[in-house]
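Enquirer: One letter stands for each residue in the lines below.
Number of protein chains: 2
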Amino acid sequence: MDRDNTVYVGNKPVMNYVLAVVTQFSNGAEEVAIKARGKAICRAVDTAEIALNRFLQDVKKKEIITSTEEVETDAGRTNVSSIEIILTHRT
Amino acid sequence: MDRDNTVYVGNKPVMNYVLAVVTQFSNGAEEVAIKARGKAICRAVDTAEIALNRFLQDVKKKEIITSTEEVETDAGRTNVSSIEIILTHRT
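Top to bottom, those sequences are chains G and U. Mind the numbering: the first sequence is residues 177 to 267 in our numbering, read in order. Mind the numbering: the second sequence is residues 177 to 267 in our numbering, read in order.
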């Protein structure tokens, strides 16, 4: 079992990401990390909440980490916030 | 000192909320909670990151909590994700 499963949340509908998370646990993942940057952060939180409340009864939030990343844009370097929500099986 | 200082993040520019957080610590708060719902969640994360990286050297993240709240709208009840980021003085 791969312990380093990550779902990157972007601009697609939230249920796409919920399905990705649920699928990874169905495939035997012990832990799934949901990552997002900038405006996608709220969708990452939605993804975790919907997955936990509606689909994954035996999974819980292990840790939530926020940080700041520097990205290159046409206008130069800028800072963007990011979030990582780690879900894990209840033991 | 009031230990229950909360900054609710909404649709205003992010620096308004950063200033509110910095002011509460300047006024002697031991702990400040940053709360937001829905699309304001990414702005709450920005608020915490900017406040910590640029203004508050002796403050750290204590805890990040996400949850689902039920709200009443014209179209009936709906669920909305929320976040609470708790900042506290380094000891």
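Worth flagging that the hints you see were computed from the coordinates, not collected in a lab. Treat the hints loosely; a few may be bogus.
Identical copies carry no separate label here, and so any pair may be met within one copy or between two of them.
What the hints assert, rightly or not - Dumping the calculated BS3-like pairs for lysine-lysine here, alpha-carbon to alpha-carbon at most 25 Å: (1) Lys237 - Lys188; (2) Lys215 - Lys188; (3) Lys215 - Lys237.
Fair warning: this is a prediction, and the values are worked out from it, not measured in the lab.
Enquirer: Are the hints correct? Go through all of them and say.
Expert: Hint-by-hint comparison with the structure:
no. : hint            : verdict
1   : Lys237 - Lys188 : within (23 Å within a copy, 30 Å between copies)
2   : Lys215 - Lys188 : both (12 Å within a copy, 15 Å between copies)
3   : Lys215 - Lys237 : both (21 Å within a copy, 21 Å between copies)
When the structure is compared with the earlier hints, no violation turns up for any of them.
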